[in-house]
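Protein chains in written order, with our numbering: chain A, 2 to 221; chain B, 2 to 221.
The hints are simulated quantities; they were obtained by calculation from the structure and are not laboratory data. Quick reminder that beta carbons are idealized off the backbone N, C-alpha and C, glycines included. Do not take every clue at face value.
Just a sample of chain B residues kept apart from chain A, beta carbon distances all over 10 Å, derived [unchecked claim]:
| no. | residue |
| --- | --- |
| 1 | Asp90 |
| 2 | Arg113 |
| 3 | Gly125 |
| 4 | Gln166 |
Only some residues are given here: those of chain B computed to face chain A with a beta carbon under 8 Å [as the list claims (entries may be wrong)]:
| no. | residue |
| --- | --- |
| 5 | Val157 |
| 6 | Arg158 |
| 7 | Ser220 |
Here are the simulated distance ranges between beta carbons [stated by the list, open to error]:
| no. | chain 1 | residue 1 | chain 2 | residue 2 | range |
| --- | --- | --- | --- | --- | --- |
| 8 | A | Pro28 | B | Gln75 | 31 to 37 Å |
| 9 | B | Glu159 | A | Gln75 | 41 to 47 Å |
| 10 | A | Asp17 | B | Gly169 | 46 to 52 Å |
| 11 | A | Asp17 | B | Thr209 | 30 to 36 Å |
| 12 | B | Ser15 | A | Gly169 | 41 to 47 Å |
| 13 | B | Arg131 | A | Gly73 | 26 to 32 Å |
| 14 | B | Glu165 | A | Ala7 | 24 to 30 Å |
Number of protein chains: 2
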Amino acid sequence: MLEISASDQYLTASADVGLLDIYDALPSGLYPPFPPVELPGGLGGLVSRGGFAQTFFFGAEVLGLTFTAPSGRQVVAGGRTVKNVQGYDLTRPFVGSFGALGHAETVTLRLRPGLASAHHSRPGTLEEAREDLMASRARFVWQDGDTLHACHFGHVREVQAAMEQFGGAPDLARPDHRAAFAGGMGVGEGGPLRDLRFGWQDGGAVPTMPALFARVAASL
Amino acid sequence: MLEISASDQYLTASADVGLLDIYDALPSGLYPPFPPVELPGGLGGLVSRGGFAQTFFFGAEVLGLTFTAPSGRQVVAGGRTVKNVQGYDLTRPFVGSFGALGHAETVTLRLRPGLASAHHSRPGTLEEAREDLMASRARFVWQDGDTLHACHFGHVREVQAAMEQFGGAPDLARPDHRAAFAGGMGVGEGGPLRDLRFGWQDGGAVPTMPALFARVAASL
């Protein structure tokens, strides 16, 4: 299931829909809060891990979701528009909970408009370029092996400025990284991908969960 | 306590600091996620109610907080920068929980830059102007009695455009609304203030809490 509302700028999709399937389905000029790569677990996996490569707060882009809690309870959280968020919010704690709150069934994402978009890559590592990249205007920045990537969408001049600042050359590839994470996309050093939050390695390791969050998870 | 980091664009303050005290303390060119009005409970009250008058997702502007849960437990949630949000997030459920998760001790808010700012008012009601205001570019829109207010900050031309669209005339007042909510700032019709989410009336009434959110609150 994949429904797109261009007028209200959101999409609702089954959690198992692939990230590149979403790119293929979107009308021109509307963009999702992730770069054009395929990652394990599709949209649901992405939300469970708290996004990939973004330089903004990913949680605000998830407008609502339905999920099955560890107890088996079906949970409906959030809404479909930015302006109807009214409080008592169970959407945001699910985002980046690495499975602790259960697994998503459907996800509603905010879409954002852009008159232009670009994806550049160049040799380099996040570690050596970290300060530059923290100040980057690009919406997405990540490292794949020894190559750095930056993506941006928005006004034409804003996209040009972000790409000039980053350097490199246009990259039209839309890589499928699923084979590199046969055991699950986990957090840790030495893996094939890295963004400003985490190194991502095969095996599905999750960050240490605070005890209080475990209490919340057990309550659902 | 009120600490401002202009370079990292955040502030951390005691929950009881007033909203206008924050305006007074900010350097020029940096703005908080609320308009220049005083409301009951200061910063902590504002966060507990999920903000006031914003046309954006207020939860993303609260980078972290410390709060006392109903159990008496002290909770430290979130961080101080946008890019260190790592998941297992207990900040966002607190925002707009109307006291169900306890009361805030300190709050860290994102600040945003603006080269210009403006506040206009004009006769009118949100009900009759709702469609126009939903499409408004103004960051804050609210109704006080029979008067509509709009505030914006950002680039000079963006501020001009938002105020031209809204109409009215510049309003330099920074009203203190606390006396109108002697029994607490609650949700409901017929009160003195209204924004795109709620009518706000004296007495401290809260929206109906979903049963599942009550389970989360009891777990903390």
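Hint check results:
no. : hint                           : result
1   : Asp90                          : violated (5 Å)
2   : Arg113                         : holds (13 Å)
3   : Gly125                         : holds (19 Å)
4   : Gln166                         : holds (17 Å)
5   : Val157                         : violated (16 Å)
6   : Arg158                         : violated (13 Å)
7   : Ser220                         : holds (4 Å)
8   : Pro28/A / Gln75/B: 31 to 37 Å  : violated (48 Å)
9   : Glu159/B / Gln75/A: 41 to 47 Å : holds (42 Å)
10  : Asp17/A / Gly169/B: 46 to 52 Å : holds (49 Å)
11  : Asp17/A / Thr209/B: 30 to 36 Å : holds (33 Å)
12  : Ser15/B / Gly169/A: 41 to 47 Å : holds (46 Å)
13  : Arg131/B / Gly73/A: 26 to 32 Å : violated (40 Å)
14  : Glu165/B / Ala7/A: 24 to 30 Å  : holds (27 Å)
When held up to the earlier numbered hints, the structure conflicts with 1, 5, 6, 8 and 13 and fits the remainder.
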